[in-house]
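If you want the building blocks of each chain, they are given just below.
There are 2 protein chains.
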Amino acid sequence: MSSNGSIYLIPIPIAENSNIFLPPNIASTLNEIKYYVVENIRTARRFIKSIIPEMVIENLNFIEINKHEETDLQQIKRWIKQGETIGLMSEAGCPGIADPGAEIVALAQKMNVKVIPLVGPNSIILALMASGLNGQSFCFNGYLPIKDPARSQKLKQLEQLSKKENQTQLFIETPYRNNQLLQDLIKNCSPQTRVCIAQNITGEHEWIKTKTVEEWVKSMPVLAKEPTVFLLLA
Amino acid sequence: MSSNGSIYLIPIPIAENSNIFLPPNIASTLNEIKYYVVENIRTARRFIKSIIPEMVIENLNFIEINKHEETDLQQIKRWIKQGETIGLMSEAGCPGIADPGAEIVALAQKMNVKVIPLVGPNSIILALMASGLNGQSFCFNGYLPIKDPARSQKLKQLEQLSKKENQTQLFIETPYRNNQLLQDLIKNCSPQTRVCIAQNITGEHEWIKTKTVEEWVKSMPVLAKEPTVFLLLA
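Each protein sequence line maps, in turn, to chains A and B.
Going left to right, the first sequence walks through residues 6 to 239 as this note's numbering numbers them.
Going left to right, the second sequence walks through residues 6 to 239 as this note's numbering numbers them.
Same shape as in the complex, but just chain A (with noise of 0.2 angstroms):
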């Protein structure tokens, strides 16, 4: 089964007025693409209409993949079928990565359609690089358990097979509860542990910090309640 069409994964920004960040080619995709798979209709809209103004939203095609129903799949299939330019968009940052856009995109490769992946801001990638810690082996984790002992359990965890493998842990926060996964990092790591906090990336407020968490504790800071990624080097 194969097709002519092709699908475009467009990042879009991960902080506010921060376009600046995107390279010219999601502009001239943008101009190609009137069939969209998006996380969030009105994300897409907004974003389409900031980097193309005169854009006719009106004209453009939107399946919205939250809801999860049969119809929009079957929708997106037909859209394959026919050989459409579709281009996939996420709430924010790199579609597919952690965000529901990876099973459209498992679809297009079963399908047997292009699958083009555009460059743009990934905070994951960027905290990695700013943090100076190992970026030759490192492990994306997602969220932790919110509650004790398996929360403490799991960052033991992830120290010991980041001193094992010498492999840079990543995780991620929701912001309300950054002070107490910093607290929680503190309690169960070890004093040389190198921990980078990296908030608001590609943001006005940037602010991306490693220390060890020795040193964290000698001056903890009080963290915005603002996107966040943590990461662990033991």
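Worth flagging that the hints you see were computed from the coordinates, not collected in a lab.
On a predicted model such as this, the values are computed, not experimentally measured, just so you know.
Keep in mind that the hints are not guaranteed to be accurate.
Said to hold, decoys possible - Here are the simulated lysine to aspartate or glutamate pairs, EDC-like style, with alpha carbons at most 16 angstroms apart:
1) A:K159 to B:E170
2) A:K216 to B:E220
3) A:K115 to B:E220
Start from chain A and add chain B according to the hints.
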């Protein structure tokens, strides 16, 4: 110890003629920088010229980090202490990911300099996006051992880990061994394990395909000796 300087982590293209994948703030940042720490001076000069043809390269200062000379490290420290704005560039892609740049970033973090990562092409994230495999939990493992039994053991271990954690495992290979790695994947992994091969990302001959091991066996491609990311999800 603090300084007013800053270090910009500047991505460069990963394929020929792919500057279109670079955000416009890379050019504006290059315009401001006179001090560079780079993996390869020739690559860095050529890149700067490709973005800003009128730049007088002779007015810029370069230190190559591959040489690992103590005098170079001392010079970088002096630039940081003087509060200079420094640009860090690797030979391809994002500095600090799978290259020696991370130790310079670690030094900058230690000296409490502002570290600013810029958005650009990263083959790991682009491959993951386009694979349709799990982007909520993934691990980059760099190169695998070259010889058996270590190589087969590692592949089996990664497949088991992938299954247990529902985690995408990524790794790279020296291009001339791409076909051997595909053979080894087929030999060691279960028929239902999904394997993605992502070649020449952002390049003219970009080719990204996800199939089960069983499907790959049925139609074995001859892989080009080109930069490739391999991904598996069991």
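### Query
If you draw a straight line from the CA of A:K216 to the CA of B:E220, is it 16 angstroms or shorter?
violated, 47 angstroms
### Satisfaction of hint between B:E220 and A:K115, Cα-Cα up to 16 angstroms
With Cα atoms ~11 angstroms apart, A:K115 and B:E220 stay inside 16 angstroms; holds.
### Query
Hey, A:K159 versus B:E170, does the alpha-carbon distance stay inside 16 angstroms?
Measuring from Cα to Cα gives roughly 13 angstroms; hence the hint holds.
The structure shown violates just one earlier hint, number 2.
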